[in-house]
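This is what each chain is made of:
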Amino acid sequence: MLQDWAPVLVFLILVTGFAVVSVVMSYVMGVKKPNSRKLAPYECGMQPTGTARERFSVKFYLVAMLFLLFDIEAVFLFPWAVVYRDLRIFGFLEMLLFIAAILAGYIYVWKKGALEWER
Amino acid sequence: MNIPVVNLGAILPAIMLSLFGIAIMVAEPFVSDAKKSWLGWLAIAGTIAAMLALAPMSRQAGQWYTNLWIVDSYSIFFHFLFILIAAITILTSMNFLQREGIHHTEYYALLLFATVGMMMMAGSNELIMVFLGLEILSIATYVLAGFRRTDLKSNESAMKYFLLGSFSSAFFLYGVALIFGATGSTNLIVIADSLRSGDPQTSLVSLAAALMLIGLCFKVAVAPFHVWAPDVYEGAPTPVTGFMSVGPKAAGFAVLLRIFMTAFPTLEDRWTSVFWIVAALTMLIGNVIALVQPNIKRMLAYSSIAHAGYIAVAVAAGSEHGVSAVLFYTLAYSVTNLGAFAVVTMLSRSEDKLVNLNDYAGLASKRPGLAAVLSLFMLSLAGVPGTAGFAGKFFIFKAAVQSGLIWLAVIGVITTVVSFYYYLYVIVQMYMRDPNEEFADVRTTGPLKLALAITIAGTLYLGILPTRFLDWTVSAAVNALR
Numbered sequence: 324m325l326q327d328w329a330p331v332l333v334f335l336i337l338v339t340g341f342a343v344v345s346v347v348m349s350y351v352m353g354v355k356k357p358n359s360r361k362l363a364p365y366e367c368g369m370q371p372t373g374t375a376r377e378r379f380s381v382k383f384y385l386v387a388m389l390f391l392l393f394d395i396e397a398v399f400l401f402p403w404a405v406v407y408r409d410l411r412i413f414g415f416l417e418m419l420l421f422i423a424a425i426l427a428g429y430i431y432v433w434k435k436g437a438l439e440w441e442r
Numbered sequence: 002m003n004i005p006v007v008n009l010g011a012i013l014p015a016i017m018l019s020l021f022g023i024a025i026m027v028a029e030p031f032v033s034d035a036k037k038s039w040l041g042w043l044a045i046a047g048t049i050a051a052m053l054a055l056a057p058m059s060r061q062a063g064q065w066y067t068n069l070w071i072v073d074s075y076s077i078f079f080h081f082l083f084i085l086i087a088a089i090t091i092l093t094s095m096n097f098l099q100r101e102g103i104h105h106t107e108y109y110a111l112l113l114f115a116t117v118g119m120m121m122m123a124g125s126n127e128l129i130m131v132f133l134g135l136e137i138l139s140i141a142t143y144v145l146a147g148f149r150r151t152d153l154k155s156n157e158s159a160m161k162y163f164l165l166g167s168f169s170s171a172f173f174l175y176g177v178a179l180i181f182g183a184t185g186s187t188n189l190i191v192i193a194d195s196l197r198s199g200d201p202q203t204s205l206v207s208l209a210a211a212l213m214l215i216g217l218c219f220k221v222a223v224a225p226f227h228v229w230a231p232d233v234y235e236g237a238p239t240p241v242t243g244f245m246s247v248g249p250k251a252a253g254f255a256v257l258l259r260i261f262m263t264a265f266p267t268l269e270d271r272w273t274s275v276f277w278i279v280a281a282l283t284m285l286i287g288n289v290i291a292l293v294q295p296n297i298k299r300m301l302a303y304s305s306i307a308h309a310g311y312i313a314v315a316v317a318a319g320s321e322h323g324v325s326a327v328l329f330y331t332l333a334y335s336v337t338n339l340g341a342f343a344v345v346t347m348l349s350r351s352e353d354k355l356v357n358l359n360d361y362a363g364l365a366s367k368r369p370g371l372a373a374v375l376s377l378f379m380l381s382l383a384g385v386p387g388t389a390g391f392a393g394k395f396f397i398f399k400a401a402v403q404s405g406l407i408w409l410a411v412i413g414v415i416t417t418v419v420s421f422y423y424y425l426y427v428i429v430q431m432y433m434r435d436p437n438e439e440f441a442d443v444r445t446t447g448p449l450k451l452a453l454a455i456t457i458a459g460t461l462y463l464g465i466l467p468t469r470f471l472d473w474t475v476s477a478a479v480n481a482l483r
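Chains as they are written, first to last, in our numbering: chain A, 324 to 442; chain B, 2 to 483.
Check each hint, because a few of them may be wrong.
Computed cross-link-like contacts, DSSO-like style, restricted to lysine-lysine with a CA-CA straight-line distance of at most 27 angstroms [unchecked claim]:
{"#": "1", "chain 1": "B", "residue 1": "Lys154", "chain 2": "A", "residue 2": "Lys382"}
{"#": "2", "chain 1": "A", "residue 1": "Lys434", "chain 2": "B", "residue 2": "Lys450"}
{"#": "3", "chain 1": "B", "residue 1": "Lys450", "chain 2": "B", "residue 2": "Lys37"}
{"#": "4", "chain 1": "B", "residue 1": "Lys37", "chain 2": "A", "residue 2": "Lys435"}
{"#": "5", "chain 1": "B", "residue 1": "Lys37", "chain 2": "B", "residue 2": "Lys354"}
{"#": "6", "chain 1": "B", "residue 1": "Lys450", "chain 2": "A", "residue 2": "Lys382"}
Far from chain B, some chain A residues (derived; all Cβ distances over 12 angstroms) [to be verified]:
{"#": "7", "residue": "Leu335"}
{"#": "8", "residue": "Val354"}
{"#": "9", "residue": "Pro364"}
{"#": "10", "residue": "Cys367"}
{"#": "11", "residue": "Gly373"}
{"#": "12", "residue": "Ser380"}
{"#": "13", "residue": "Ala387"}
From the structure, some residues in chain B lie toward chain A, with a derived Cβ separation under 8 angstroms [claimed, not checked]:
{"#": "14", "residue": "Met26"}
{"#": "15", "residue": "Val27"}
{"#": "16", "residue": "Pro30"}
{"#": "17", "residue": "Phe31"}
Hint data in this document are derived by calculation from the structure and do not stem from the laboratory. All residues carry an ideal CB built from backbone N, CA and C; glycine is no exception.
Starting from the given sequences, assemble the full structure and let the hints guide the process.
Next comes the structure, spelled out in structure tokens:
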């Protein structure tokens, strides 16, 4: 039974080996000419300004959370679409119910003003 | 592909509560502040509709939705109990929310959704469904615990409940995963069959059962998994505390019994000994620590831990008598405790100003009616004959003795005697101390009076004429054990 999983073990070894070898090789063989720009946390050519740990508005969290909610609900449409032909009218009605429940949530969120940035 | 048979009758109460819950939630932004109490009454209408829907549901006995859902008198009993709890909690909350200035009607919607979660737990025949119901219940309750948003204690309560609750859900889920690995199914009956027939990997199955047990023990707050309860109960809005101390507890025990009776009867000698220890510990810890609590919400929190211990005694007894005692006791305890919390809600005044036991001094001379009602609930919690609490305890200890758990029954009786001290202390405060204040701003309003009427009637009825409900619980227990 354990032999069935041998490919997984081989895969694990290969993946780890590749990662280790490429890091070590670039460390050994790479040309190193460091300067302050290159050693900056995000090497993108821009000079970093200020700290990243600032307070920002709680609205971002709210919007992110709402996005996540509706996003997750949209994900449920994909498995449904895959088996849509087999489920026929039953699946269609079930999905209508599901969408109706989401719609109720959407109306609630909208009327509560959670989607408005400036209030 | 097989399309599952849709039997709306079998889930009608849950559908009713969901529909009313969604309607209340969507209506909230459209309704002016003055008319918000109408939505509270709409929630009451929802519970009545769900109660009526029990009749068509009870005609659909059997397993439905590819054996996910089971309708028997066990699940119908718990449906009835949960709807009752929800209705009493809503009645208690209506004026509370106005008084505290937090009359957001999402409260009612969340309460109804939590009730749907509890129903799903009691009626499910499948571990994934149990988990789904557990999460629906828990998430709604986390929000309810933190409903007084500007209050620090309420926030602490919600946060603690959320962290520990999600942790315990993870335990439960791990157990489900292991049992799926060991038996290849999450259906309780299939699990039981495969444990009976093949050669089960006993250690793996026991580990899975233990993990599920830990998860559920967190939810019902029995020792040694009770430490979150007092803080959470103290900080949450008082009607929510009442709800949490009975609703999730009853649902947790419903699931516990269902899982262990249906899926793990082959391991019975193992888990009954676990329950023996859990019950003894819980009764001791709950009752002893309750003795020194100055705050009535904390005192009732420890008392609710102690009562979970009594219920665990009946679970350890395991027999048909044990199961029926669990059902009867959850009903009796729910009615009594909700009544006690209704009085505490009324007396606590805004922002929980007066929740210490000595704030109750002299209540009897100023408001004799309220004092008498609270005394009745305290006597019933303590288990004085003629009240629901006595009948419940009597059946539990009888079941324990019949199953040969003499010592557990002895511990139960001794700790009950201990508990008399702190229950009677409230009565002593009310009747034998001089009043510190006039209690002039304590108002008994319509919905609260109704809640008190229901709970008083229930406490006395179950205490004096328990036979009708006892017959029901016995038939439910026979159903669950089959």
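Verification of the hints:
1. B:Lys154 - A:Lys382: 24 angstroms, holds
2. A:Lys434 - B:Lys450: 34 angstroms, violated
3. B:Lys450 - B:Lys37: OK: lysine 450 of chain B and lysine 37 of chain B at ~20 angstroms, within 27 angstroms.
4. B:Lys37 - A:Lys435: 15 angstroms, holds
5. B:Lys37 - B:Lys354: Distance of about 25 angstroms is within 27 angstroms: holds.
6. B:Lys450 - A:Lys382: 42 angstroms, violated
7. Leu335: Holds: least Cβ distance 21 angstroms, greater than 12 angstroms.
8. Val354: About 48 angstroms separates valine 354 of chain A from the closest Cβ of chain B, which puts it past 12 angstroms; holds.
9. Pro364: 32 angstroms, holds
10. Cys367: 38 angstroms, holds
11. Gly373: 31 angstroms, holds
12. Ser380: Fine: 17 angstroms to the nearest Cβ keeps serine 380 of chain A off the interface.
13. Ala387: At roughly 18 angstroms from the nearest Cβ of chain B, alanine 387 of chain A sits farther out than 12 angstroms, so the non-interface label holds.
14. Met26: Given a least distance of 6 angstroms, the restraint on methionine 26 of chain B holds.
15. Val27: Because about 5 angstroms separates valine 27 of chain B from the closest Cβ in chain A, which is inside the 8 angstroms limit, the hint holds.
16. Pro30: 4 angstroms, holds
17. Phe31: With a closest approach of 7 angstroms, the phenylalanine 31 of chain B hint holds.
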